[in-house]
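Number of protein chains: 4
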Amino acid sequence: MDYKTKRRPVIGVMGGARVTQDIIKSAFELGALIAANGWILLNGGRDAGVMRASAEGAKSKGGLTLGILPGNTKYEANPFIDIPVVTNMADARNLINVLSSDVVVALPGSAGTISEIALALKNAKPVILLQFTPGSYFPEYEENGLLMHTATPAECIEHIREIISRRA
Amino acid sequence: MDYKTKRRPVIGVMGGARVTQDIIKSAFELGALIAANGWILLNGGRDAGVMRASAEGAKSKGGLTLGILPGNTKYEANPFIDIPVVTNMADARNLINVLSSDVVVALPGSAGTISEIALALKNAKPVILLQFTPGSYFPEYEENGLLMHTATPAECIEHIREIISRRA
Amino acid sequence: MDYKTKRRPVIGVMGGARVTQDIIKSAFELGALIAANGWILLNGGRDAGVMRASAEGAKSKGGLTLGILPGNTKYEANPFIDIPVVTNMADARNLINVLSSDVVVALPGSAGTISEIALALKNAKPVILLQFTPGSYFPEYEENGLLMHTATPAECIEHIREIISRRA
Amino acid sequence: MDYKTKRRPVIGVMGGARVTQDIIKSAFELGALIAANGWILLNGGRDAGVMRASAEGAKSKGGLTLGILPGNTKYEANPFIDIPVVTNMADARNLINVLSSDVVVALPGSAGTISEIALALKNAKPVILLQFTPGSYFPEYEENGLLMHTATPAECIEHIREIISRRA
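From first to last, the protein sequence lines are chains V, H, Z and C. For this note's numbering, count along the first sequence from 1 and bump the result up by 31. For this note's numbering, count along the second sequence from 1 and bump the result up by 31. For this note's numbering, count along the third sequence from 1 and bump the result up by 31. For this note's numbering, count along the fourth sequence from 1 and bump the result up by 31.
Just to be clear, a hint being listed does not mean it is correct.
To be verified - Here are the computed lysine to any residue pairs in the SDA-like style, where the Cα-Cα straight-line distance is at most 20 Å: (1) C:105 / C:68; (2) C:56 / Z:34; (3) Z:35 / C:170; (4) V:56 / H:35; (5) V:37 / H:35; (6) Z:156 / C:56.
FYI, nobody ran anything at the bench for these hints, they're computed from the structure. In this text, all values refer to a predicted model and were calculated from it rather than measured experimentally.
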């Protein structure tokens, strides 16, 4: 008998630990839409900002959530993370966040989020910016289509769907 | 509404990439029993030995499997891994394997497996040896009960159940 | 007897593997000035671009050079690295680059360099941009003085000297 | 002009943070002999046990010392470490310790030291045990000559010299 898995796409959601209520709302909506599409949500797992809101959104639709934690204990995870991955590698876990995602979405954040966008692009991962226009550090990636701008969670989901179908 | 997750225990299964058929059989059985108990199986994810067999066992009972990969692509995972975590950190991922597990089981293996037993014990994770009697590097951990010896997958599962109930 | 070390400042030099001859020249000059000041030069160690040129500059003045390598062998280091540190952690070594430096200088580069600027700022390391104006991702760090702009190696060295004396 | 470095061998010294005075004395002696031979001493850098004593020994002969630190600050290093490498990767830095060493020496230690021996052997690094007979986890490596037993620092140094000359 064949028990092979049918792997579901993993969507990484990055963004700040301290963000506005508007962004919290978008992160929740994005997480809900990710789950509704049957995709796995991955984020940094901590109990704050975009990490908490996007995981809560995913659980509101019965999704599966994975949190890649910087510290040394699963108790650092927010209550909407099904599977905490404990790295004890601080910001080096940012690399794992993006390498483990099929598509990376970045909501507004600070230096940590920028490092994730940079590491994702360096490793040829598609990055979709959601309500985040942080400047123009990466012109070559905008030109080659790896870095995209979107204004709403729904628009973001359209891009993800398109990327996944293209790669399937 | 409350969407909080009810987190399932994560059982890490370590062991060699090249092992005997007897050990392959035990790894499969152990994976099947882990899934039958509703626990998540975590291992090193590659397509060989104990990693493949234990994941196949878990999928044979409809379990959920997580593979922490050393390389830079999910395509390194065996076909029974539901969620590949891509680290690109080589053997440094061994630390993530044990820190992310509630209990670590070690089947026969070589230096990689020994490093995981050592890192687990150093971080106070319970380690259950299954059909593996690799010497006596860790006498203090045998004395304090963190390191246990078992002869069959069923006996191993009893220990896991006891550890989980004690910590719940 | 007291054999305690008198530790020398470590200056991290980041920047692209493929850069213009003008930047190569600046990287060499910067490395030479770092060594002439008695500081240790740290960089990513590989045999290309800013990594090679800055190390060569430092050795031209008899300096000490440290290369934090992404791969699994010291043979990846350029011939001007005295001490290769072998991580086998790919881009996760970027975090080590900045955490091990007292001051980080960033010459022009692409996504890898941006990730290092971001990780440095997130960890409160002073970052001096040299002939590099990559946009404005980090306005709050420019305001609080952690992120500085300079146009020549000599100007950059003045900033380093000032930062080191302030922290001594 | 050619400024290429003439790289000096790097000898990694592993061992416990809490050890007997006899072992402290051996670690100091070993460090002194490593420096007297013109080799660089590398260790885990912290201010305890074998890490402190071996670095102090090396500095007593004017050697160069490198400490690969688990935490997020150079202030964790003992006062005999010339160059602190700050990883913030906890036990994952054990991999860097051994990959960056040309030869690894292991004095008595507990699970952390065992993990370093295991990671070294897995990566084909020669390991010399010094006054440490921790069992027989690694019979295949003893047979193929990668794992050696020695009783005194002087005997250990003979082995290092032999390994280095063979590989030069």
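Evaluation of the provided hints:
no.: 1; hint: C:105 / C:68; verdict: violated (27 Å)
no.: 2; hint: C:56 / Z:34; verdict: holds (16 Å)
no.: 3; hint: Z:35 / C:170; verdict: violated (40 Å)
no.: 4; hint: V:56 / H:35; verdict: holds (18 Å)
no.: 5; hint: V:37 / H:35; verdict: violated (26 Å)
no.: 6; hint: Z:156 / C:56; verdict: violated (38 Å)
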